[in-house]
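The whole structure should be built from the sequences, with the hints applied where relevant.
There are 2 protein chains.
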Amino acid sequence: MRKIGVGIMGLGTVGTGVYKVLVNNADIIARRVGAEIVVKRILEKDQTRERGIAVPPELYTLDVNDILNDPEINIVVEVLGGISPAREFILAAMNKGKSVVTANKDLIALHGQELFETAEKNNVDFLFEASVGGGIPIIRPLKQCLAANNIRLIYGIVNGTTNYMLSKMSLEGREYEDVLKEAQAKGYAEANPASDVEGLDAARKLAILASIAFNTRLTINDVYVEGITKISARDIEYARELGYVIKLLAIGKEENGEVEVRVHPALVPIHHPMASVNDVYNAIFVRGDAVGDTMFYGRGAGELPTASAVVGDIMEAARNLLCGTPCRIGCTCYEEKKVRDIKDTASKFYVRMKVVDKPGVLAAIASVFGNQEVSLASVIQKRNIGPLAEIVWVTHRARERNMQDALQIIGGLSIVAEISNVIRVEGEDD
Amino acid sequence: MRKIGVGIMGLGTVGTGVYKVLVNNADIIARRVGAEIVVKRILEKDQTRERGIAVPPELYTLDVNDILNDPEINIVVEVLGGISPAREFILAAMNKGKSVVTANKDLIALHGQELFETAEKNNVDFLFEASVGGGIPIIRPLKQCLAANNIRLIYGIVNGTTNYMLSKMSLEGREYEDVLKEAQAKGYAEANPASDVEGLDAARKLAILASIAFNTRLTINDVYVEGITKISARDIEYARELGYVIKLLAIGKEENGEVEVRVHPALVPIHHPMASVNDVYNAIFVRGDAVGDTMFYGRGAGELPTASAVVGDIMEAARNLLCGTPCRIGCTCYEEKKVRDIKDTASKFYVRMKVVDKPGVLAAIASVFGNQEVSLASVIQKRNIGPLAEIVWVTHRARERNMQDALQIIGGLSIVAEISNVIRVEGEDD
Numbered sequence: 000m001r002k003i004g005v006g007i008m009g010l011g012t013v014g015t016g017v018y019k020v021l022v023n024n025a026d027i028i029a030r031r032v033g034a035e036i037v038v039k040r041i042l043e044k045d046q047t048r049e050r051g052i053a054v055p056p057e058l059y060t061l062d063v064n065d066i067l068n069d070p071e072i073n074i075v076v077e078v079l080g081g082i083s084p085a086r087e088f089i090l091a092a093m094n095k096g097k098s099v100v101t102a103n104k105d106l107i108a109l110h111g112q113e114l115f116e117t118a119e120k121n122n123v124d125f126l127f128e129a130s131v132g133g134g135i136p137i138i139r140p141l142k143q144c145l146a147a148n149n150i151r152l153i154y155g156i157v158n159g160t161t162n163y164m165l166s167k168m169s170l171e172g173r174e175y176e177d178v179l180k181e182a183q184a185k186g187y188a189e190a191n192p193a194s195d196v197e198g199l200d201a202a203r204k205l206a207i208l209a210s211i212a213f214n215t216r217l218t219i220n221d222v223y224v225e226g227i228t229k230i231s232a233r234d235i236e237y238a239r240e241l242g243y244v245i246k247l248l249a250i251g252k253e254e255n256g257e258v259e260v261r262v263h264p265a266l267v268p269i270h271h272p273m274a275s276v277n278d279v280y281n282a283i284f285v286r287g288d289a290v291g292d293t294m295f296y297g298r299g300a301g302e303l304p305t306a307s308a309v310v311g312d313i314m315e316a317a318r319n320l321l322c323g324t325p326c327r328i329g330c331t332c333y334e335e336k337k338v339r340d341i342k343d344t345a346s347k348f349y350v351r352m353k354v355v356d357k358p359g360v361l362a363a364i365a366s367v368f369g370n371q372e373v374s375l376a377s378v379i380q381k382r383n384i385g386p387l388a389e390i391v392w393v394t395h396r397a398r399e400r401n402m403q404d405a406l407q408i409i410g411g412l413s414i415v416a417e418i419s420n421v422i423r424v425e426g427e428d429d
Numbered sequence: 000m001r002k003i004g005v006g007i008m009g010l011g012t013v014g015t016g017v018y019k020v021l022v023n024n025a026d027i028i029a030r031r032v033g034a035e036i037v038v039k040r041i042l043e044k045d046q047t048r049e050r051g052i053a054v055p056p057e058l059y060t061l062d063v064n065d066i067l068n069d070p071e072i073n074i075v076v077e078v079l080g081g082i083s084p085a086r087e088f089i090l091a092a093m094n095k096g097k098s099v100v101t102a103n104k105d106l107i108a109l110h111g112q113e114l115f116e117t118a119e120k121n122n123v124d125f126l127f128e129a130s131v132g133g134g135i136p137i138i139r140p141l142k143q144c145l146a147a148n149n150i151r152l153i154y155g156i157v158n159g160t161t162n163y164m165l166s167k168m169s170l171e172g173r174e175y176e177d178v179l180k181e182a183q184a185k186g187y188a189e190a191n192p193a194s195d196v197e198g199l200d201a202a203r204k205l206a207i208l209a210s211i212a213f214n215t216r217l218t219i220n221d222v223y224v225e226g227i228t229k230i231s232a233r234d235i236e237y238a239r240e241l242g243y244v245i246k247l248l249a250i251g252k253e254e255n256g257e258v259e260v261r262v263h264p265a266l267v268p269i270h271h272p273m274a275s276v277n278d279v280y281n282a283i284f285v286r287g288d289a290v291g292d293t294m295f296y297g298r299g300a301g302e303l304p305t306a307s308a309v310v311g312d313i314m315e316a317a318r319n320l321l322c323g324t325p326c327r328i329g330c331t332c333y334e335e336k337k338v339r340d341i342k343d344t345a346s347k348f349y350v351r352m353k354v355v356d357k358p359g360v361l362a363a364i365a366s367v368f369g370n371q372e373v374s375l376a377s378v379i380q381k382r383n384i385g386p387l388a389e390i391v392w393v394t395h396r397a398r399e400r401n402m403q404d405a406l407q408i409i410g411g412l413s414i415v416a417e418i419s420n421v422i423r424v425e426g427e428d429d
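Each protein sequence line maps, in turn, to chains A and B. Going by numbering that gives the first Met the number 0, the first residue of the first sequence is number 0, and it counts up by one from there. Going by numbering that gives the first Met the number 0, the first residue of the second sequence is number 0, and it counts up by one from there.
Heads up, some of the hints might be wrong.
Residues on chain B that point at chain A, a partial pick, calculated with CB under 8 angstroms [said to hold, decoys possible]:
#, residue
1, N24
2, R30
3, P84
4, A85
5, E128
6, P140
7, C144
8, A147
9, A306
List of simulated lysine to any residue pairs, SDA-like, C-alpha gap at most 20 angstroms [as the list claims (entries may be wrong)]:
#, chain 1, residue 1, chain 2, residue 2
10, B, K142, A, N370
11, B, K142, A, K95
12, A, K167, B, K19
13, B, K357, B, I414
14, A, K2, B, R327
15, B, K142, A, A25
16, B, K337, A, I27
17, B, K39, B, L67
18, A, K19, B, R151
19, B, K95, B, A85
20, B, K44, B, V54
21, A, K19, B, N149
22, B, K336, A, K142
23, B, K2, A, R327
24, B, K19, B, R50
25, B, K229, B, Q183
26, A, K2, A, R50
27, A, K142, B, R327
28, A, K95, A, S83
29, B, K142, A, A34
30, A, K336, B, D26
31, A, K167, B, K337
32, A, K19, B, D288
33, B, K120, A, P358
34, A, K142, A, R327
35, B, K336, A, R327
36, A, K342, A, N370
37, B, K167, A, H271
FYI, nobody ran anything at the bench for these hints, they're computed from the structure. These numbers come from a predicted model, not from an experiment. Beta carbons: idealized from backbone N, C-alpha and C, even for Gly.
In structure tokens, the structure reads:
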């Protein structure tokens, strides 16, 4: 049986998972590919940490050239993470004629174009199923199974940390700061949780998904981002009373040739399939003009789930090497579509505010909304706090620009003590 | 730009959808494949029916040889359905060196081996993503994205007709016969609904899924099948009170090298992702040793959703032709695993019965269960009907053989008027 050599760059969480799957499932992998996949070298400084699997010491190296210059290494797995030196190592490997598999969303969302062009130039595979949704098959389904569709909408829960936190807040009525501490204690959130809770991780994944869905190059800089730091237990409680749950959504839409890409918390109807995606699970919803609505669900992170996707890609790269046809499916960003300014997008909105509790207040506020062409679906007075009343508005679909104008005027009214929160409502007839 | 010729056999619902997608989305398809996909001939008797798209009359033929002998037709799409002549036509096309794309689950679930061997012998593609789950990507994700996993469990809702009926019964409290009539009126169920309501359609799809998941050849004859005809509104109501919904599940498991494949109604916990799959939607759940739990959701049937999968396969076959590597991923049934007798499987059970309403009755029945090693989780007295009481038992996991023995003894007790229904409970810690 033929052998395909693999070099792994980085033996952290994902790298360890990849090594475990390649070793533990070697038999089915070989039989399904038609070749033995052999790990030849591992680039890693920490060669002594207990990883739950024995790694032969001779595999370790501190010198990336031991991988780049080994002619028996056909596939390089980059799971170092971060931009540098991952970028330089990947480019070097491809320039040496090696196919590359990576889970590095940060890198693709920033330098995708350079990476794809280098892969194409060298006629090698550059595969990245693990970069979005951990083990959930989504990149290949988009590029192959759903390739016959015009896709105009793709959205999902693509960050496990924030979904865990929002689920806890929702199911246990707890506050943000409290569940963040728990998530950090459990290792789901990092000591500096900004990348997750500020929505940047989700934005990177959205840039990747939307680039494929809409055939146009999008980077993280194109994505409008709001995190979950302002969501309170009260918002979650009121949302539930209105028939919604709050999720951090990554949303990509195409309309009239323009693309909108945004990450923000959103109210999702309780009966929407996305509403029951809890804890660290992820789900990605795709609407195609032929297929209709589809959804992909699973663990969005973790050692073995992410390794499942990485090793699936290694197997694909190996098949392509055996067939002599790497780079079968290259980059499909063959168009250049305008990215819509967030102010030109439209959503329904949930608005929570504190107002003076006296007659005529609601009418005054409603008339500001109306003047700015924000049509109201409902208003509920939730509770009294001294002389103030807390009220929640839900609007019909309104343009962001109009909404912002309305809120600026309303915020300046003497009868309004505070605009406490503004959250978009998604997943209904859009 | 290169051209790839396609012959379509059958212009019924799916065939029409395929033609529409190929014509309406021709631009994105060509740009994503790198070749123009051109429909050259269509085998169809009914050349006048209004199909919602204009078909140039010169494409039609009544003679299959016009497709088989046309050297410019590289890919044949078989969407005639049924066993014969679909089987003969597919074999002839592959023997002529043409790749074949089909949605024909009946044929694959019965003659899969012959079809795969013929494809391999002729070095052509035989692709069938549309045979399970309509437009939902599941075959390719299993064969590629999740290929690194040992899969030990795959189950799903794979029949839209019965899911529509059970959803209606569940949401509207209606009876089986009533919703069947409505499903027939809406065109979701056929005049003779047996294939759907008796579970045969689901069994064919399960044979295909389980063959791929477990690397062993399974046909419809290996699958244990129970339909939904005995499910009553009362069962659905009691299930809800217990925290479950009733779904027709197709379940494939591997344990100790043995495979179990069964289609039957089941109680699913209300918070399980499968529980909110309603109407004609399908969902397939896959548990892999690396990826953990994943789920794939979407429209399981219909003109355009099924066409989405067929055209995705056409595009894949076209790419393989362009690369000169058809048959990259062949059949993966490289093992022969024993199929477990249904009596040797184990489930939790819901049992509804009518018993004489007097002291000691529950204890007498419970002791029979106990003697047969069926451990009980709960018993609830639901209502009185004259001198009888309707009661519902839920068991812990029990062997089917023991359950059947227990029920035979219990059915013979003078205190038991009727065993009204027995339904398995799935989706909890299994």
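### Message
Hint by hint, where does the structure go against what was stated? Just the numbers, ascending.
### Response
Hints 3, 4, 10, 11, 12, 22, 26, 31, 33, 35 are the ones this structure does not satisfy, whereas the remaining hints hold.
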